[in-house]
Amino acid sequence: MSGTIVTKTIYDSGNYRTHGELPAVGSRAPDIMLVNTKLQNVSFANWMGKRKIMNIIVSIDTSICAKSVIEFNRYGKGKNDIVLLTVSYDLPFAHARFQEEHELENVTGLSAIRHAGFGENYGVQIIEGPLAGMFSRAVIVIDENNTVVHREHIQDIGKEPDYVAAFRALGVDVDEPED
3 MSGTIVTKTI
13 YDSGNYRTHG
23 ELPAVGSRAP
33 DIMLVNTKLQ
43 NVSFANWMGK
53 RKIMNIIVSI
63 DTSICAKSVI
73 EFNRYGKGKN
83 DIVLLTVSYD
93 LPFAHARFQE
103 EHELENVTGL
113 SAIRHAGFGE
123 NYGVQIIEGP
133 LAGMFSRAVI
143 VIDENNTVVH
153 REHIQDIGKE
163 PDYVAAFRAL
173 GVDVDEPED
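For reference, each letter of the sequence shown is one residue, going 3 to 181 in the numbering used here.
Note that these hints are calculated values from the structure, not bench results.
Among the hints, erroneous ones may be present.
In silico lysine to any residue, SDA-like type, Cα no more than 25 Å apart, as pairs [as the list claims (entries may be wrong)]:
#1 Lys52 x Arg170
#2 Lys52 x Asp145
#3 Lys40 x Ala118
#4 Lys52 x Arg76
#5 Lys161 x Ser45
#6 Lys52 x Asp164
#7 Lys52 x Asn17
#8 Lys40 x Leu86
#9 Lys69 x Tyr91
#10 Lys79 x His155
#11 Lys69 x Thr110
#12 Lys79 x Ala118
#13 Lys69 x Ala134
#14 Lys40 x Asn75
#15 Lys79 x Glu154
#16 Lys52 x Leu172
#17 Lys81 x Ser45
#18 Lys52 x Glu130
#19 Lys69 x Ala98
#20 Lys79 x Gly119
#21 Lys52 x Glu105
#22 Lys161 x Gly131
#23 Lys69 x Lys161
#24 Lys161 x Gln101
#25 Lys79 x Asp175
#26 Lys52 x Val166
#27 Lys40 x Asn108
#28 Lys161 x Arg116
Just need the whole structure built from these sequences, with the hints factored in.
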């Protein structure tokens, strides 16, 4: 792996490496090609001119990842000018089921099942250990010009992201949402 940048991710008390680094703040976000819950390929062109918060997760079926999707949905309520994207290797059907079960109206579930390269382009592809091939957890905040304005690599997969920091990076003042 010479010349490859790796970061460590903590899972089940072990350290595992990921390939690459998150896109730098101030850089242009690499375009995406992912699959939505209607089995359609989507890219940033689908949200042209929109601000985006990308919540990258291991799986919608893990408790902490599920909680982060629900929390981003809560924080995003009433903020129609911000697109909340959840990205994982889960099947589009799993994203659709989860969104329906939890009545999520503010989150778009996206799957990387058809398009290799997302994990490497975004520096979240786990390359060793029991989660090899999956994504480590990260939040990437992207402005309307597709410039990265905030990034958070959640090194400990069992921890939640900083929801407030993600919204504040877009100039949105948020507090803990009410139930």
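(message) Next pair to validate is lysine 161 with serine 45; report whether the Cα-Cα distance is within 25 Å.
(response) Not satisfied, since the Cα-Cα distance of roughly 28 Å exceeds 25 Å.
(request) Please work out if lysine 52 and aspartate 164 have their alpha carbons no farther apart than 25 Å. (result) With Cα atoms ~21 Å apart, lysine 52 and aspartate 164 stay inside 25 Å; holds.
(request) Please work out if lysine 40 and asparagine 75 have their alpha carbons no farther apart than 25 Å. (result) holds, 19 Å
(request) Measure nothing beyond the straight line between the CA atoms of lysine 69 and threonine 110; if it is 25 Å or shorter, mark the hint as holding. (result) The given pair, whose Cα atoms are some 15 Å apart, holds under the 25 Å limit.
(message) lysine 69 and lysine 161 were given as a pair; does the straight-line alpha-carbon distance stay at or below 25 Å?
(response) holds, 10 Å
(request) Would you mind confirming whether the straight-line C-alpha gap from lysine 79 to histidine 155 stays at or under 25 Å? (result) holds, 24 Å
(request) Given the hint that lysine 52 pairs with leucine 172, test it: the Cα-Cα distance must not exceed 25 Å. (result) Holds. Lysine 52 to leucine 172 sits at ~11 Å (cutoff 25 Å).
(request) Quickly compare the C-alpha distance for lysine 52 and aspartate 145 to 25 Å and report which way the hint goes. (result) Roughly 7 Å separates the two Cα atoms, so the pair holds.
(message) Please verify whether lysine 161 and arginine 116 have alpha carbons no more than 25 Å apart.
(response) It is violated: about 28 Å lies between the C-alpha atoms, which goes past 25 Å.
(request) Take the C-alpha atoms of lysine 52 and valine 166, compute the straight-line distance between them, and say whether it is at most 25 Å. (result) With a Cα-Cα distance of about 19 Å, the restraint between lysine 52 and valine 166 holds, given a limit of 25 Å.
(request) Starting from lysine 79, check that the Cα of aspartate 175 is at most 25 Å away, please. (result) Satisfied, since the Cα-Cα distance of roughly 13 Å is no more than 25 Å.
(message) Holds or violated: lysine 40 and alanine 118, Cα atoms, limit 25 Å.
(response) OK: lysine 40 and alanine 118 at ~19 Å, within 25 Å.
The earlier numbered hints that this structure contradicts are 5, 7, 12, 18, 20 and 28.
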